[in-house]
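*Asks:* The residues making up each chain are set out below.
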Amino acid sequence: MSGLIEARGLTLRHGRREVLRDVDFSIEPGEIVTVVGPNGSGKSTLLRALIGALKPSRGKVTRQRGLRLGYVPQGLRLDGSMPMTVARFLNLPSRVEAAACAKVLDEAGAGDLAGRQMADLSGGQFQRVLLARALLNDPQILILDEPTTGLDQPGQASFYRQIEALRDRMGCAVLMVSHELHVVMSASDRVICLNGHVCCEGHPEVVAQAEEYRALFGTGTQGALALYRHEHTHRHDHAPGETCDAG
Amino acid sequence: MLDDFLVRAALAAVGAALAAAPLGVFVVWRRMAYFGDATSHAAILGVALALALSIPVFAGTLVVALLVAFGVARLTGRGYAADMVLGVAAHAALATGLVAASFLSGPRLNLEAYLFGDILAVSKMDLAVIWGGGASVAALIGWRWQALLLSTLSPDLAAASGVKPERERVTLMLALAVVVAVALKVVGALLIAALLIIPAAAARPLSRTPEGMLAGAATVGVIAALGGLWAAWSFDTPAGPSIVCAAAITFGISALAGRLVGGRNG
Chain A
107 MSGLIEARGL
117 TLRHGRREVL
127 RDVDFSIEPG
137 EIVTVVGPNG
147 SGKSTLLRAL
157 IGALKPSRGK
167 VTRQRGLRLG
177 YVPQGLRLDG
187 SMPMTVARFL
197 NLPSRVEAAA
207 CAKVLDEAGA
217 GDLAGRQMAD
227 LSGGQFQRVL
237 LARALLNDPQ
247 ILILDEPTTG
257 LDQPGQASFY
267 RQIEALRDRM
277 GCAVLMVSHE
287 LHVVMSASDR
297 VICLNGHVCC
307 EGHPEVVAQA
317 EEYRALFGTG
327 TQGALALYRH
337 EHTHRHDHAP
347 GETCDAG
Chain B
490 MLDDFLVRAA
500 LAAVGAALAA
510 APLGVFVVWR
520 RMAYFGDATS
530 HAAILGVALA
540 LALSIPVFAG
550 TLVVALLVAF
560 GVARLTGRGY
570 AADMVLGVAA
580 HAALATGLVA
590 ASFLSGPRLN
600 LEAYLFGDIL
610 AVSKMDLAVI
620 WGGGASVAAL
630 IGWRWQALLL
640 STLSPDLAAA
650 SGVKPERERV
660 TLMLALAVVV
670 AVALKVVGAL
680 LIAALLIIPA
690 AAARPLSRTP
700 EGMLAGAATV
710 GVIAALGGLW
720 AAWSFDTPAG
730 PSIVCAAAIT
740 FGISALAGRL
750 VGGRNG
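One line per chain: the protein sequences are A and B, in this order. One gets the working numbering by counting positions in the first sequence from 1 and adding 106 to each. One gets the working numbering by counting positions in the second sequence from 1 and adding 489 to each.
Hints in this document: simulated from the structure, not taken from any laboratory. In this text the structure is predicted, and so the values were computed from the model without any measurement. Treat each hint with caution, since some may be false.
[Said to hold, decoys possible] Okay, derived cross-link-like pairs now, SDA-like style, lysine to any residue, Cα gap no bigger than 20 Å in a straight line: (1) B/K653 to A/D128; (2) A/K166 to B/G651; (3) A/K161 to B/L598; (4) B/K653 to A/P199; (5) A/K166 to B/K653; (6) B/K653 to A/G172; (7) A/K161 to B/I630; (8) A/K161 to B/W632; (9) B/K653 to A/L173; (10) B/K653 to A/S150; (11) A/K161 to B/L564; (12) A/K161 to B/P644; (13) A/K161 to B/G566; (14) B/K653 to A/G115; (15) A/K161 to A/R171; (16) B/K653 to A/R201; (17) B/K653 to A/R275; (18) A/K161 to B/M573; (19) A/K161 to B/G651; (20) A/K161 to B/V659.
Chain A on its own, in the form it takes in the complex:
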């Protein structure tokens, strides 16, 4: 197989509800793939099945033998019952050299956090530490599940710039769930539109024009805006012109 991770006929149930149905998936080295879809469409479930955290009810997930994988989960918070410094966290589950820790922390923009307690970090700092951990061991693929949840807009923008810079420098594949349309439209090689099954996929421009995508998110650029607005309740942030366009 040529893909780093492949899924064939992936079907997954939570209890009686079928969350994913017959999903085929593959990602090539160096490729950036973004998964979009409404809430509850199975985006996180797909990612968790691909890393092996969830067992498919039917179908098969194949990861390349010895695949080096970096994963940033969605909305992880630590409650502080376990004392854990950032540096110690990076040493799980295998010990790494202090120099390697310092390097990934720098790369993720969290260079000064090594001695801090995980539970004391702000949302943005926490995401950067998770990214740093994902960068250890020189991953062939980064899997990011809504990595900017909880970041403000400048924070999101800089986070994604960092991801792009990292991909360019390290040449790793990136698979992410994201609501940031500018990322989908500019940085992705391929977009997968998911709603329990793969509605459509392909180059971002193509997907944005696809009927299935429009059915989920509205039409044309307004579709992009509808998705955007769907996720951000602060309408007053938009320029008046944008809102008029969408209406």
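Start from chain A and add chain B according to the hints.
*Replies:* Chain B only, in chain A's frame:
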């Protein structure tokens, strides 16, 4: 030296405290306090069965604790509310054990000894079981330490790193069953969970890493074991509850100290 019952009692208490520490920190981190209660209450049923079948009490409690631990884990895995299942299991196990014990006639069964511990009657054989069991718990958790920590923080991160969180959960249940069987003689079925939780909780405000908290829990456990035993001897109080009281006092002091040094739990 081992012929002195007080020396044997001290060694038993210290051994049980050391066995409880590596598991106790995970009980606190994973919010398994109620789970520990359910499993340790089941020990009474194990005692009753062991006496009825004339097998060693250690073996009986170990088997029943294992069955209850895995049974509860299975039920909660099937979507029952964990809190409810544990509430049912903890009390059902205790009640069933007490009823089963009532069927056993004769002077063999001193129920109080199993509910609250009977540390002054510890034999050399008991000591071997306590230290052997404690050593195996320490070895098991030491072996899986890194994987256990990551699975506790996030099962998904663990899976992405090739660790199987399910397997680590089984590790902890095995360790829990051994600790219950080991600590039964020392603090009794009703207070085993206290021996797990209180030293770990006392260590939390003053530690910065998981390893630091483990060392702290072991230290507090040993202090409580010896302090409690001393108090029991001096004031003629029951030994098991005295040990737990000593641990609780240490917890209070640690919480205050944590507050003073500006720890995050302050």
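*Asks:* Work down the list of hints and note, for each, if the structure agrees.
*Replies:* Verification of the supplied hints:
A distance of roughly 25 Å separates the Cα atoms of B/K653 and A/D128; the hinted pair therefore is violated under the 20 Å criterion. With a C-alpha separation of about 17 Å, the suggested pair A/K166 and B/G651 falls inside the 20 Å cut-off, and the hint holds. In summary, the hint linking A/K161 to B/L598 is not supported, as the alpha carbons are separated by about 48 Å, beyond the 20 Å threshold. Of the supplied pair hints, the one linking B/K653 and A/P199 holds, its CA atoms being roughly 11 Å apart against a limit of 20 Å.
Taking the CA atoms of A/K166 and B/K653, the gap is near 18 Å; set against the 20 Å cutoff, the hint holds. The suggested pairing of B/K653 with A/G172 holds, with an alpha-carbon distance near 16 Å, which does not exceed 20 Å. As the CA atoms of A/K161 and B/I630 are separated by approximately 26 Å, the hinted pair breaks the 20 Å bound. With a CA separation close to 26 Å, the supplied pair A/K161 and B/W632 exceeds the 20 Å bound.
A distance of roughly 16 Å separates the Cα atoms of B/K653 and A/L173; the hinted pair therefore holds under the 20 Å criterion. Among the hinted pairs, B/K653 with A/S150 is consistent with the structure: their alpha-carbon atoms are about 19 Å apart, no more than 20 Å. Taking the CA atoms of A/K161 and B/L564, the gap is near 19 Å; set against the 20 Å cutoff, the hint holds. For a cut-off of 20 Å, the pair hint linking A/K161 to B/P644 stands: about 13 Å separates their Cα positions.
With a C-alpha separation of about 14 Å, the suggested pair A/K161 and B/G566 falls inside the 20 Å cut-off, and the hint holds. For the hint linking B/K653 to A/G115, the alpha-carbon distance of about 24 Å lies beyond 20 Å, and the restraint is violated. Simply put, A/K161 and A/R171 have alpha-carbon atoms about 18 Å apart, close enough for the 20 Å limit, and the pair holds. Using a Cα cut-off of 20 Å, the hinted pair B/K653 and A/R201 holds, with the two alpha carbons roughly 18 Å apart.
Pair hint B/K653 plus A/R275 does not hold up; C-alpha atoms about 32 Å apart against a cutoff of 20 Å. This hinted pair does not check out: A/K161 and B/M573 have alpha carbons roughly 26 Å apart, beyond 20 Å. At most 20 Å may separate the alpha-carbon atoms for a hinted pair to count; A/K161 and B/G651 meet this at roughly 14 Å. Proposed proximity of A/K161 and B/V659 is supported: the alpha carbons are some 18 Å apart, at most 20 Å.
Going down the numbered hints, you'll see the structure goes against 1, 3, 7, 8, 14, 17 and 18, while the others check out.
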